[in-house]
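Read off the chains here:
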Amino acid sequence: MNQTASQGASEVQRFLDRLSERSARRSGEPTWIAARRQAGAARFEAMGFPDRRVEEWKYTDVRAISRGDFQLAEDADFSPASAAALTLPMDAHRLTFVDGVFSSALSDLTELPGGVQVQPLSQALEENHEAVGGPLGRLTGVEFSAFSALNTAFFEEGALVRLAPGTVVEKPIVLQFLSRANQAAVMSHPRILIEAASRSQATVIEHHVGEEGAANFTNLVEEVMLDRGAHLTHYKLVESPEQDLHVASIHVEQCRDAQFTSFNLTLGGGLVRNDLISDLNGQGAEVTFNGLFYGQNRQHVDNHTLANHNAPHTFSHENYKGILDDRAHGVFNGKVIVKRDSQKIEADQSNANLLLSDRAQIDTKPELEIYADDVKCSHGATTGQLDEEAVFALRTRGLDEATARGLLTLAFAGEVMDQVDLDAVAERVELTVAGKLPERFHLAGLVEAAVALNED
Amino acid sequence: MLEVKDLHVTVEGSEILKGLTLSIQPGEVHAIMGPNGAGKSTLSAVIAGKDGYEVTAGTITFEGRDVLEMEIEERAQAGLLLGFQYPVEIPGVKNIYLLKAALNAQREARGEGEIPAPEFMKLIKEKVSFMKMDNSFLQRAVNEGFSGGEKKRNEILQMLVLQPKLAMLDEIDSGLDIDAMKVVAEGVNSLRSEDRGILLVTHYQRLLDYIVPDHVHVLVDGRIVKSGNADLARELESRGYDWVVEESAA
Numbered sequence: 003m004n005q006t007a008s009q010g011a012s013e014v015q016r017f018l019d020r021l022s023e024r025s026a027r028r029s030g031e032p033t034w035i036a037a038r039r040q041a042g043a044a045r046f047e048a049m050g051f052p053d054r055r056v057e058e059w060k061y062t063d064v065r066a067i068s069r070g071d072f073q074l075a076e077d078a079d080f081s082p083a084s085a086a087a088l089t090l091p092m093d094a095h096r097l098t099f100v101d102g103v104f105s106s107a108l109s110d111l112t113e114l115p116g117g118v119q120v121q122p123l124s125q126a127l128e129e130n131h132e133a134v135g136g137p138l139g140r141l142t143g144v145e146f147s148a149f150s151a152l153n154t155a156f157f158e159e160g161a162l163v164r165l166a167p168g169t170v171v172e173k174p175i176v177l178q179f180l181s182r183a184n185q186a187a188v189m190s191h192p193r194i195l196i197e198a199a200s201r202s203q204a205t206v207i208e209h210h211v212g213e214e215g216a217a218n219f220t221n222l223v224e225e226v227m228l229d230r231g232a233h234l235t236h237y238k239l240v241e242s243p244e245q246d247l248h249v250a251s252i253h254v255e256q257c258r259d260a261q262f263t264s265f266n267l268t269l270g271g272g273l274v275r276n277d278l279i280s281d282l283n284g285q286g287a288e289v290t291f292n293g294l295f296y297g298q299n300r301q302h303v304d305n306h307t308l309a310n311h312n313a314p315h316t317f318s319h320e321n322y323k324g325i326l327d328d329r330a331h332g333v334f335n336g337k338v339i340v341k342r343d344s345q346k347i348e349a350d351q352s353n354a355n356l357l358l359s360d361r362a363q364i365d366t367k368p369e370l371e372i373y374a375d376d377v378k379c380s381h382g383a384t385t386g387q388l389d390e391e392a393v394f395a396l397r398t399r400g401l402d403e404a405t406a407r408g409l410l411t412l413a414f415a416g417e418v419m420d421q422v423d424l425d426a427v428a429e430r431v432e433l434t435v436a437g438k439l440p441e442r443f444h445l446a447g448l449v450e451a452a453v454a455l456n457e458d
Numbered sequence: 022m023l024e025v026k027d028l029h030v031t032v033e034g035s036e037i038l039k040g041l042t043l044s045i046q047p048g049e050v051h052a053i054m055g056p057n058g059a060g061k062s063t064l065s066a067v068i069a070g071k072d073g074y075e076v077t078a079g080t081i082t083f084e085g086r087d088v089l090e091m092e093i094e095e096r097a098q099a100g101l102l103l104g105f106q107y108p109v110e111i112p113g114v115k116n117i118y119l120l121k122a123a124l125n126a127q128r129e130a131r132g133e134g135e136i137p138a139p140e141f142m143k144l145i146k147e148k149v150s151f152m153k154m155d156n157s158f159l160q161r162a163v164n165e166g167f168s169g170g171e172k173k174r175n176e177i178l179q180m181l182v183l184q185p186k187l188a189m190l191d192e193i194d195s196g197l198d199i200d201a202m203k204v205v206a207e208g209v210n211s212l213r214s215e216d217r218g219i220l221l222v223t224h225y226q227r228l229l230d231y232i233v234p235d236h237v238h239v240l241v242d243g244r245i246v247k248s249g250n251a252d253l254a255r256e257l258e259s260r261g262y263d264w265v266v267e268e269s270a271a
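Chains as they are written, first to last, in the working numbering: chain A, 3 to 458; chain B, 22 to 271.
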């Protein structure tokens with residue numbers, strides 16, 4: 003065995019040791035869970051952490067994770083005042099997890115309407131584990147990646163969202179994940195399951211944020227099942243502290259006429275890897291992948307998306323924008339696969355990146371695999387710097403350089419942000435992206451006034 | 022208010038301005054004319070602070086301040102504004118953002134607070150209508166997809182909102198049909214006042230039928246070789262530039 007391999011094996015072993023320490027207190031678990039843990043552990047051990055020879059991980063080095071020594075959190079203590087400062091200021095149904103552990107004190111499900119089930123996973127398992135066991139793992143198995151295998155071995159907590167047929171949830175459902183600045187780094191393996199029955203509609207916001215100095219590892223697996231005509235708008239906002247490590251896979255299954263609209267907004271985290279996969283299984287199903295990532299310092303943000311056109315007359319749209327400053331590194335991989343009999347599908351994809359520093363880096367790769375002949379597909383990728391002529395033009399009107407650059411950077415993000423209709427989310431993103439832009443809070447009101455003026 | 026003395030400017034190693042001297046007092050409208058390649062656009066570009074122009078000798082002062090020592094935005098905040106010959110398109114930045122940010126930057130530099138929203142709306146509504154523009158312009162990205170005439174009108178609109186002490190207009194008439202030019206000229210004429218200076222840079226006399234200057238300067242080979250009143254512009258129109266060039270060579 004060569005040295006690298008033995009090092010890899012000892013890294014894997016450290017995680018497996020944590021697992022066996024934990025298993026002592028899991029004796030009362032249903033057998034199906036125990037069996038899956040075992041399968042997850044076995045698969046993880048066989049695969050090991052991916053290195054950069056694995057195509058899917060070519061540009062992302064996970065050694066910060068594999069060499070880490072992570073505990074499992076024991077409690078969900080978090081000062082309500084600090085939590086309030088991190089929470090998105092909006093009226094919502096809210097579940098909060100602290101380092102993966104459910105916090106009832108920081109959650110609010112008081113006004114949950116009929117036809118909607120929102121529960122911490124542990125509670126759902128306790129009440130009716132068989133109803134969870136059926137769908138859980140159906141879309142994301144242990145084969146997907148070493149991380150999904152690891153999640154399956156460790157999962158304890160997470161969220162379950164179920165919508166009855168025809169249910170329309172007005173308020174967003176927020177799943178808030180808080181990361182603490184612990185003495186010893188911790189890991190969590192949240193599991194999210196969303197089942198939306200026919201014609202139901204909801205907005206789910208997954209929000210990852212934490213205390214400054216936190217350096218924890220989050221390994222999330224999410225499965226979303228959309229029945230006929232269901233509409234789900236899904237926000238994933240990562241504002242984690244800059245030492246936090248984050249790996250997530252979101253796997254969506256869409257039946258006939260189901261719509262999934264994703265906003266994948268990454269502003270924080272030291273290492274962030276997202277896999278978003280949509281299986282378009284019924285005619286009329288439509289997925290929209292919107293993405294914005296903003297990397298500073300040495301942040302690394304890797305987004306992989308995949309649209310599987312498994313049925314004819316299915317639609318996928320993708321618009322990702324990346325802004326990278328300092329020595330940040332971005333990766334975008336957008337893949338579209340069109341099956342042989344999936345005729346009359348439409349797929350469009352665009353990725354534009356803005357490099358604010360000479361040392362920032364982006365690796366972008368669109369991939370189209372088309373096995374049908376009557377399809378409409380387009381893709382494009384661009385990478386550039388801020389237009390210096392525009393910076394000059396703004397300065398000649400009296401705007402200082404920082405404001406001019408902030409305004410232009412925000413304008414670049416605008417195409418994605420214009421689609422965001424939740425003010426609390428838009429404001430968080432604009433605040434970060436524009437930096438110190440003194441005008442930013444007055445712009446919205448100004449535009450409204452101008453619109454009113456036009457209607458005179 | 023603006024004093025340019027013996028200005029020498031080099032662009033990419035070749036000298037474009039070779040000792041230009043010009044003095045503009047409040048209330049005056051100056052026109053700089055000249056054949057292509059004489060350095061007309063260089064002067065306003067240097068005053069605005071554009072990159073790539075090296076001042077090798079001479080001075081520029083504005084109300085006693087050394088312009089060459091000021092940041093680009095400081096020049097604008099002090100009231101020196103340049104209307105571009107080729108206004109830049111700025112995708113994603115709405116006109117209304119630019120106007121408000123620019124106006125507030127100027128007010129902040131003067132130690133004033135932000136302009137109240139109703140006051141601002143009233144102001145831009147008035148100016149937009151004066152420039153015969155539709156309010157929808159305010160919602161559009163700066164110059165993006167604008168026609169040549171719309172871009173020039175937009176430059177004047179910015180002047181009307183920002184009320185500079187010295188307005189410099191570089192070839193503001195280029196690419197305009199006669200109707201658009203009349204609107205632009207009306208805008209510029211409305212800027213005329215006893216405490217404001219205006220500097221027009223133009224190749225053609227046509228514009229000066231609508232904006233009658235107090236002083237006309239002919240720029241040839243990097244130097245002002247002849248100055249006069251509006252009659253000089255008319256003479257150039259009928260006789261061309263050759264006689265001035267010959268006179269200056271003699």
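Check each hint, because a few of them may be wrong.
Cβ-to-Cβ under 7 Å is the rule here; a few derived chain B residues that face chain A [claimed, not checked]:
| id | residue |
| --- | --- |
| 1 | Ala97 |
| 2 | Val109 |
| 3 | Ala122 |
| 4 | Ala126 |
| 5 | Leu144 |
Read the hints as simulated data drawn from the structure, not as lab findings. Every value quoted in this text rests on a predicted model; they were computed, and no experiment measured them. The beta carbon of each residue, even a glycine, is placed where N, CA and C say it ideally should be.
Taking the hints in turn, this is what the structure says about them:
{"no.": "1", "hint": "Ala97", "in the structure": "holds, 4 Å"}
{"no.": "2", "hint": "Val109", "in the structure": "holds, 4 Å"}
{"no.": "3", "hint": "Ala122", "in the structure": "holds, 5 Å"}
{"no.": "4", "hint": "Ala126", "in the structure": "holds, 4 Å"}
{"no.": "5", "hint": "Leu144", "in the structure": "violated, 12 Å"}
The structure fails hint 5 only (numbered hints given earlier).
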